[in-house]
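Take the sequences, apply the hints, and build the full model.
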Amino acid sequence: GSVIKCGESCLLGKCYTPGCTCSRPICKKN
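Sequential numbering of the sequence shown, starting at 64, is according to the working numbering.
Simulated from the structure, these hints should not be mistaken for lab results. Errors might be hidden in some of the hints.
Under the rule of at most 30 Å between Cα atoms (straight-line distance), these lysine-lysine pairs were calculated in the BS3-like manner [as the list claims (entries may be wrong)]:
no., residue 1, residue 2
1, K77, K92
2, K91, K77
3, K91, K68
4, K92, K68
Nothing here was measured: the structure is a model prediction, and the numbers come from that model.
Now the structure itself:
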């Protein structure tokens, strides 16, 4: 089991990590 980390910034409203959604200003698990 790999852990999904969603710490990227999403100022453009898009998250490139699978399973993450934009919760400005960073991506979070959906």
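Right, here's what the structure says about each hint:
Restraint check: the Cα-Cα separation between K77 and K92 comes to about 13 Å, which is no more than 30 Å; the hinted pair holds. Between K91 and K77 the CA atoms are separated by roughly 11 Å; this keeps the pair inside 30 Å, and the hint holds. As the CA atoms of K91 and K68 are separated by approximately 8 Å, the hinted pair is consistent with the 30 Å bound. Distance restraint check for K92 and K68: the Cα-Cα separation of roughly 8 Å lies within the 30 Å cut-off, and the hinted pair is therefore satisfied.
Hint compliance for this structure: every hint is met.
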